[in-house]
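Asker: Listed below, chain by chain, are the residues.
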Amino acid sequence: MKTPVEKILEPGTHFMMGNEACALGAIVAGCRYFAFYPITPANEIAEHMSTLLPKVGGVYMQMEDEIASIASVIGSSWVGRKSMTATSGPGFSLMQENIGYAIMTETPCVIVDVQRCGPSTGTVSLPMQGDVYQARHGSHGEYETIALAPSSVKDTFLLTIEAFNLAEAYRTPVTVLSDALVGHLTESVEIPDPSTITIIERKRPKEPPEECRPFLSEDVAPMPIFGSGYRVHVTGSTHDERGFREVERPLFIDNVVRKICMKIQKHRNEIVKVETRYLEDADVALLAYGSVARSALYVVKRAREEGLKVGYARLITLWPFPDDAILDVARKVNKIMVLENNMGQIVNEVRRVVGCEAEVTFLPPRILGTIHEPSYTIKKLNEVYE
Amino acid sequence: MSEAYHHPLMKYVRKGALRQPHCSGCGNGIIAQCMLRAIDELGLDMGKVAFVSGIGCSSWIPSPFFNADMLHTTHGRPLAFATGVKLGNPELRVVVFTGDGDGAAIGGNHLIHASRRNIEILTVLVNNRIYGMTGGQVAPTTPHGMKTSTTPYGNLEHPFDLSKLVEAAGASYVARWTAFHVKQLVSSIKKGLLKEGFAFIEVETPCPVQYGRYTGVKDPVESLLMLKRLSVPVSKARSMSEEELEGRIVIGEFVDRDVVGLTKAYSRLLAEVGA
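Chains as they are written, first to last, in the numbering used here: chain A, -19 to 366; chain B, 148 to 422.
Derived from the structure by calculation, the hints contain no laboratory data. Hints are not guaranteed to be accurate.
To be verified - Below, in silico cross-link-like pairs of lysine-lysine (DSBU-like), each with a Cα-Cα straight-line distance of 30 Å or less:
| # | chain 1 | residue 1 | chain 2 | residue 2 |
| --- | --- | --- | --- | --- |
| 1 | A | 35 | B | 411 |
| 2 | B | 411 | A | -13 |
| 3 | A | 186 | B | 162 |
| 4 | B | 338 | A | 186 |
| 5 | B | 162 | A | 183 |
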């Protein structure tokens, strides 16, 4: 007898779109609440979720705006559902206040931002990596957060599952930073047997309600679910370990900010992932993430055929920034060329981490909003290589 | 005299949450008690009621005072959060506390759409006609011409009739009372708690500190009695002209209908499509 999820997704080779892979990854991860407001280029995620979720007992809700979408996602997470929303830049901007609320209240949830060209309405169906800092610092106040960047359709499937696992493990919102290229890309993808995929569930309290401390542990406090007898008090105001509002004494404010930051910082090395290739003998490393990494890898292979000793590093985790892994890359090469489809965002993090260990240069595509043309990148690579 | 006196509703109050943030003369304490009385009279299990509130004085009625699951959310958004709570677990009774700023200004769109969806949530909108917590700024419910801290020359705009708005948007139950009309309010809350659709109760409440600063009625008792004097039952209001109703508060039940609520409709969908 097949489970509802097995009925939806057969393991094996599929030909599918990135946004569809995102929806399927979410279902496999256990997502059972999805709220959405229509926006290009994220719509296909909602179309698939609205079809699939009722088949597995899940809820699809189209809300009146993106503010309401993320709000209802957070509400649903507190009744125990793994919850997700998807959007693009303008909607991601609208969500920021409530993403801060999810961070403050330690609410697991997943936000998929299929990035398009901005600022403002911009161009709806061309890719740009303009939301990297928004994913890090978009909400007000001081906090740490997690963001992942898929480069392919299979990546989108796996990283959406990873996003849920990290959200559940660390009780925090996790952003999947896709873009119009990866989201609308259709390619063949090998879907693994769902039984081989690790799925993480949030820690629930075992202690009686009066002893429960459901907030503010660097090692992640247990999360009581509404209706389970814990009568938990959840607030976006500064609070103590029991969730009681405490907005006057600086010591409590200090405690909240430190704990929600340390919860991520302390576990940074368990969270971050970087893919590296061809670094053993490399003089120059191309560093990229998301859709740009596809073009970067192609260039690295071409350059190697031409005899250039070029390596490749792909950030899978953007936030928290993989400091140690990138410093390791810098120590292996003389120069790092950072490729991004923007005017330079993650390159600043690379420069911060690398210091004097390697020379860092930045290369946007010849025309922003398009892929890095390999011939153009190779020309620029040759200039750097000399 | 050795036996300590216990308020019969204390069992619904969260331990350690007795300190009240509301100003003296505020109607919020009355409304809190009306809610707890309604729950008590219905014999509901507070462990199966989830309260959701936004930002503003009214949001502190249940948070952290009521001993139940409590989501104290962002400004204007409690109905959007509550939508996820209710659809995520339809077994829970969901009650939203909001104010006129929270529910009608910044959160006005969510109020319209929650009403239209007819989702099984009871919303108590506490209307003090002003932004109390932030210092008496003009609200979308402030009477025309009134001076406030941000309308020093008088309010150019006209106030919302929130009950009419919610009725037009499709709610199943709509009523308006004042903090003076406690018996009617308890009875309305009981109906709203049991309603299988969107229930909306607007409560006009005295704010002697901020609203009273501008009306000159700063005395708590007098400001409560003023609400009584201004009130007109809906049955009587029907035969009154617009001029006669100017400045009056129409009280009573405006809507009480049975239409299938959203979570029930969704559960039917799940039964048809689902596993």
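Asker: Are the hints correct? Go through all of them and say.
Answerer: Structure-based check of each hint:
1. A/35 - B/411: With Cα atoms ~17 Å apart, residue 35 of chain A and residue 411 of chain B stay inside 30 Å; holds.
2. B/411 - A/-13: Holds - the C-alpha atoms of residue -13 of chain A and residue 411 of chain B are around 26 Å apart, at most 30 Å.
3. A/186 - B/162: Roughly 21 Å between the alpha carbons, so the hint for residue 186 of chain A and residue 162 of chain B holds.
4. B/338 - A/186: 37 Å, violated
5. B/162 - A/183: Within the cut-off at roughly 25 Å; holds.
In terms of the numbered hints stated before, the structure departs from hint 4 and from no other.
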